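One-letter residues, chain by chain:
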Amino acid sequence: MGMGRVVAAYGNMVTVAFEGSVRQNEVAYILAADGSRLKSEVIRVRGERCNVQVFEDTRDIQVGDQVDFTGNLLVVELGPGLLTQIYDGLQNPLPKLSQATGLFLKRGIYIDPLDREAKWDFTPTAKVGAWIEAGDILGWVPEGKFQHQIFVPFDFIGRAEIVKMAEKGFYTVADTVAEVKGEDGKLHNLTMMQVWPIKIPLKLYQERLLPDQPLVTGCRVIDSFFPVAKGGTACIPGPFGSGKTVLQQQISRYAEVDVIIVAACGERAGEVVETLREFPHLEDPYTGGTLMDRTIIICNTSSMPVAAREASIYTAVTLGEYYRQMGLNVLILADSTSRWAQALREMSGRLEEIPGEEAFPAYLQSRIAEFYERAGFVRLKDGRNGSVSVIGTVSPAGGNFEEPVTQGTLAVVGAFLGLTWARSNARRFPAIDPLISWSKYPEQMKESLVKVDPNWVEIIREAQKFVHQGSEIKKRMDVVGEEGTSIGDFLIYLKAEFLDSVYLQQNAFDAVDAYNTMERQAYSFHMVEKILKKDIAAKNKDDARDIFFRLTALFKNWNASAWQGEEFKRFESQINDFLRG
Amino acid sequence: MREIITKIDEITGNIATLKAAGVGLGELALLQSPGRETLGQVISLNGENVTVQVFGGTKGISTNDKVRFLGHPMMVKYGNALLGRIFNGSGVPIDGGPEPVEEEIPIGGPSFNPANRVIPKQMIRTNIPMIDVFNSLVVSQKLPIFSIPGEPYNQLLARVGMQAEADIIVLGGMGLKFDDYTFFKRTFEESGVMNRVIMFIHQASDPVVECLLVPDMALAVAERFAESGKRVLVLLTDMTNFSDSLKEISISMEQIPSNRGYPGDLYSQLAARYEKAVDIEGSGDITILAVTTMPGDDVTHPIPDNTGYITEGQFYLRHGVIDPFGSLSRLKQNVVSKATRRDHNDVMNTMIRLYSDCRESRNKIAMGFKVSKWDETLLAYGQDFERELMDLNVNMPIEVALDRCWAILAQHFEPVQTGLKDELVKEFWPAQ
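Protein chains in written order, with numbering that gives the first Met the number 0: chain A, 0 to 580; chain B, 0 to 431.
In case anyone wonders, no lab produced these hints; they're calculated from the structure. Treat the numbers as computed from the prediction; the structure is a model and nothing was measured. All clues stand as given, with none of them false.
Using 20 Å as the maximum straight-line C-alpha spacing, the simulated SDA-like pairs for lysine to any residue come out as follows:
| hint | chain 1 | residue 1 | chain 2 | residue 2 |
| --- | --- | --- | --- | --- |
| 1 | A | K95 | B | G281 |
| 2 | A | K144 | A | A117 |
| 3 | A | K474 | B | M366 |
| 4 | B | K120 | A | F508 |
| 5 | B | K337 | A | A510 |
| 6 | A | K105 | B | H71 |
| 7 | B | K337 | A | E273 |
| 8 | A | K105 | B | P105 |
| 9 | B | K246 | A | E351 |
| 10 | A | K163 | A | N188 |
| 11 | B | K18 | A | Y9 |
| 12 | B | K18 | A | G63 |
To give an idea of the chain A side of the interface with chain B (calculated C-beta under 10 Å), a few residues:
| hint | residue |
| --- | --- |
| 13 | V6 |
| 14 | E352 |
| 15 | F359 |
| 16 | G397 |
Glycine included, every Cβ here is placed at the ideal spot set by N, Cα and C.
Using the sequences plus the hints, can you model the full thing?
Following this line, the structure appears as structure tokens:
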């Protein structure tokens, strides 16, 4: 492979003079004076020189250091054993890294992402004599609750005939499970493991479908008001302290999908710790296993090298695409895409590219679009469906949504869940502001939402109007005072507040209220709707306020009672008493 | 012995460029002028050109000064001999004492492996009720004090330093006025804690590059003490000066600024320091309390804004008190009523809710509305709350503070008005 020498270095960008040829985005290793090999990626080629971004601390790099080019793009390993893992942005397993290097990360140490020793119970499904091509299924192994399918490598070129299949039994990911003979007569040994370049979307499906199935998160304001589709995308921008983290953690616990990939990209390490220490002990609400069984954590926190932060988002989505290939529904939580964009900005600055707004590179928008477009609801070649959904958080500077990353993201996502300080300061959690948030999916998912309620889309739209109306009245009232507001308007305001506090707000720390099934959401929304429609006979404003005060308390207790339990029924009948009264 | 270079090609700002071979990124260089020596650090390489950031500033540096590369990065002394000592931003003692004979360790070391982190469950007592009761400081937490010039943030920091349960206190002063430096020194000496304090002080008149080294030295030393089982509290003041130094350097390196002149990597730079806060399983820990003065009292300014995304909450110091509303300790849920008395959580919430009601009543008065009996009760309660708990001079252990909370509640309210659970009222409500 190619060779080169370091000619310049600044921060994590190194300029290399090379001989022969290099590929854009090829992986290269710099041999530092202390003997460590530092992984890096070619990001620009100019004449006989290229710029590489180094995924490690660049201390001690000298002019003249040798650089080895690998000829390969940055890849991830795919195969059984990915679930429950905690990887860094380059797919190094962090727990194993800690066995190798101790408490602190050490540069230049790379460990196989997939365990080479572990044995998997392989059941072959392909037959000798069959003709196969890239992406065909050879067999499966059990991984957690899934049948993890073993594929012919996605980059396998042409067709080949199976000449030998392994028998059912235990194999490692490196053992040959099938021998195939290509049309050119060449023999290939296929294993359970393969690699795929992270920056190239995996598109081995029949067709992409319009996302029309809801992805239930258990969070009422999302599922009912601003839903996300399976295979869809959403962004959660919010200033610090507005509850992004808690919301993300909620979604990662309760979302109704098969696989969750949490990409902690440039955020606090402490937040990941909660996930990785608690998930192994929390029960998966859908399968009874632990939450960790369906989770992969990609952890490239804020103090880890910034170039690897850029890669971490792609690593996450590539693993997601792999599991989608098995007909599973995958959700990727990227926290936070702003840190990823900042990594792009840092590198762009070092490359001395002409900056765009706030010094972000001019290609920021297209990179964001490329990333979110890797989500999708697809029909696979064997007729099954699978999906990758992406929910990304954005950390806008100063909480100002006008900044380039938020705007670039809004242009490409299907739902916008905007968190505001106004709501978080008023302790209205989740602080998703119903006045600014939107989702494009209700129309698209109309047919599946009919199962929830024949008129679900319409009644929700009515409720949204109510919220806006209530906010208008509130604004007027702030000027003219309660005295200047008619009792009719005042009741609309109180009803909107009621809807907000018992339905849009949700207590993430209450064992019952934290998560609502779609069935329960529809059930309790109908009750809210009845109250919104009811003529309230109030003597005066104080009386009206008092009525809603009591109703709200009643409803909150109802929300906190287990579905269809004794308590639940008791509170429900009390609310019904009110409605009759 | 490495070659001595006697020709500097370029001098701009705090940066000097010269030709040298076999030099590594981050390596230290010694620049010798007649009668003056200063260290510098290699920050970029381009062919045979080496760019050195000069710690002591480039004032008076001549193109024919001697430059020698030392073959190692910036180091700091580490060991028990550092206790009670004061150093400048280059790690040189400024307390008149001798250079300590200790091991040298590199600064700016690698990141702690996230897989080795644990959920912190211990509280650090400060004996300041607004912290202990309302926004508890948790081991391994990183918390900034958001304030503005003129507020007593250094006094608060010094008090936490004196009273906090920590084995070792490392103070990193950045752009510190001479008066403030003297204040810290005197306070620690007079209160008798100096023997467990290490100070790295960059004074306002010192060269700007040294300001950048202070947090790294403080944290490198803290990290080693934590690894050896010590509970370390790192106090940093003022991170705004640190960020401004970053800005100055990056502009003179001709980097493209991102927001209000600050470099695009401000977030990563701040995070690299704050993320050193850690609780090492089975060993010591590092907790960081840092001052960030907000330019123009604007929390959306890039410095407090980036800080807020990194740290685990913030204290707002306004009008000489810790504001209970904007302030937040994200980790307090890990310890409140778990590591502390069981009434802690409910008392904390009730007190704050009632105080918030009191503020509303005050607004009502300010707007000229009629005052009800309930408003009067709240007003009297608010006054007591401010005098007996919020005042920064109040100094008591958390148990006493909780008892005082109950006493204040009992003085102004009936139990039912507070909404506190019956079982807590039965146990804790003071008898008449």
